[in-house]
Amino acid sequence: KAGVTQTPRYLIKTRGQQVTLSCSPISGHRSVSWYQQTPGQGLQFLFEYFSETQRNKGNFPGRFSGRQFSNSRSEMNVSTLELGDSALYLCASSPRSASYEQYFGPGTRLTVT
Amino acid sequence: KNEVEQSPQNLTAQEGEFITINCSYSVGISALHWLQQHPGGGIVSLFMLSSGKKKHGRLIATINIQEKHSSLHITASHPRDSAVYICAVWAPSGGGADGLTFGKGTHLIIQP
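Line by line, the protein sequences give chains A and B. Just so we're aligned, residue 1 is where the first sequence starts under my numbering, counting upward by one. Just so we're aligned, residue 114 is where the second sequence starts under my numbering, counting upward by one.
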């Protein structure tokens with residue numbers, strides 16, 4: 001089975017812009033979770049989507065949003081980018097919602113200038 | 114909220130040495146991950162475990178649920194093992210915020 005894929009792998013944006021990241025889960029997996037990794041805060045949970053519905057959400061502002069399509073692919077959007085949003089964004093797929101069994105993608109490295 | 118502590122934060126060792134990285138957490142969990150991240154790279158899941166011990170090649174992971182503690186061991190370490198090793202735990206709260214909680218990572222350098 002192909003693994004989790006994320007696009008793009010690298011991205012440079014300007015403060016104030018918005019950005020959309022994409023994640024394609026392992027075939028058959030219906031849950032996609034998103035995580036942010038920064039040097040200061042480490043890895044933190046953003047949110048989880050299952051069957052096109054947000055099931056769980058971490059402690060992030062409303063500028064961070066996401067959605068999931070009927071084929072389980074998920075997108076994450078960050079609006080009004082701030083310098084502090086520069087991070088590695090990881091997604092992980094799982095066959096079930098709210099499951100510890102998660103498989104990570106390679107990540108998208110976002111730089112905000 | 115689950116607190117995940119890893120030790121040591123940094124570790125430098127010589128090639129061939131036996132390496133141990135520790136992870137402690139504060140709340141009972143369902144499962145624990147050990148993850149590996151090379152510089153500038155993505156994350157690779159090494160182990161998912163909820164009890165006992167798992168082995169994969171030169172890597173061994175153990176967990177003691179009662180003690181709320183896990184260890185990752187690397188035997189016959191090699192420079193290619195140099196990476197950040199991250200412990201992550203799953204402790205569902207049912208409050209709509211269920212996700213992995215991560216340690217800060219252990220930065221391992223193996224010198225030839």
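These aren't lab readings, by the way, just hints derived from the structure by calculation. It is possible that some hints are incorrect.
[As the list claims (entries may be wrong)] Result set (BS3-like, lysine-lysine): computed pairs, CA atoms no more than 30 Å apart in a straight line:
{"hint": "1", "chain 1": "A", "residue 1": "13", "chain 2": "B", "residue 2": "167"}
{"hint": "2", "chain 1": "B", "residue 1": "168", "chain 2": "B", "residue 2": "181"}
{"hint": "3", "chain 1": "A", "residue 1": "57", "chain 2": "A", "residue 2": "13"}
{"hint": "4", "chain 1": "B", "residue 1": "181", "chain 2": "B", "residue 2": "217"}
{"hint": "5", "chain 1": "B", "residue 1": "166", "chain 2": "B", "residue 2": "181"}
{"hint": "6", "chain 1": "B", "residue 1": "167", "chain 2": "B", "residue 2": "181"}
{"hint": "7", "chain 1": "A", "residue 1": "57", "chain 2": "B", "residue 2": "181"}
{"hint": "8", "chain 1": "B", "residue 1": "217", "chain 2": "A", "residue 2": "57"}
{"hint": "9", "chain 1": "B", "residue 1": "217", "chain 2": "B", "residue 2": "166"}
[Claimed, not checked] If you want the ones that stay clear, here's a sample from chain B, every Cβ over 10 Å from chain A, calculated:
{"hint": "10", "residue": "140"}
{"hint": "11", "residue": "175"}
{"hint": "12", "residue": "180"}
{"hint": "13", "residue": "181"}
{"hint": "14", "residue": "186"}
{"hint": "15", "residue": "217"}
All figures in this text were calculated on a predicted structure; none of them were measured in a lab. By construction, the Cβ of each residue, glycine as well, lies at the ideal position given by its N, Cα and C atoms.
Outcome of the hint check:
1. A:13 <-> B:167: violated (42 Å)
2. B:168 <-> B:181: This hinted pair holds, its Cα atoms lying about 20 Å apart.
3. A:57 <-> A:13: holds (25 Å)
4. B:181 <-> B:217: holds (17 Å)
5. B:166 <-> B:181: Judged against 30 Å, a Cα distance of about 14 Å means the pair holds.
6. B:167 <-> B:181: holds (17 Å)
7. A:57 <-> B:181: Given that 30 Å is the threshold and the Cα spacing comes to 25 Å, the pair holds.
8. B:217 <-> A:57: Holds, at about 21 Å.
9. B:217 <-> B:166: Holds, at about 23 Å.
10. 140: holds (14 Å)
11. 175: Check passes; 17 Å lies beyond 10 Å.
12. 180: holds (19 Å)
13. 181: Since the minimum Cβ distance to chain A is about 16 Å, residue 181 of chain B lies beyond 10 Å and the statement holds.
14. 186: The assertion about residue 186 of chain B holds, with a minimum of 22 Å to chain A.
15. 217: Check fails; 5 Å does not lie beyond 10 Å.
When held up to the earlier numbered hints, the structure conflicts with 1 and 15 and fits the remainder.
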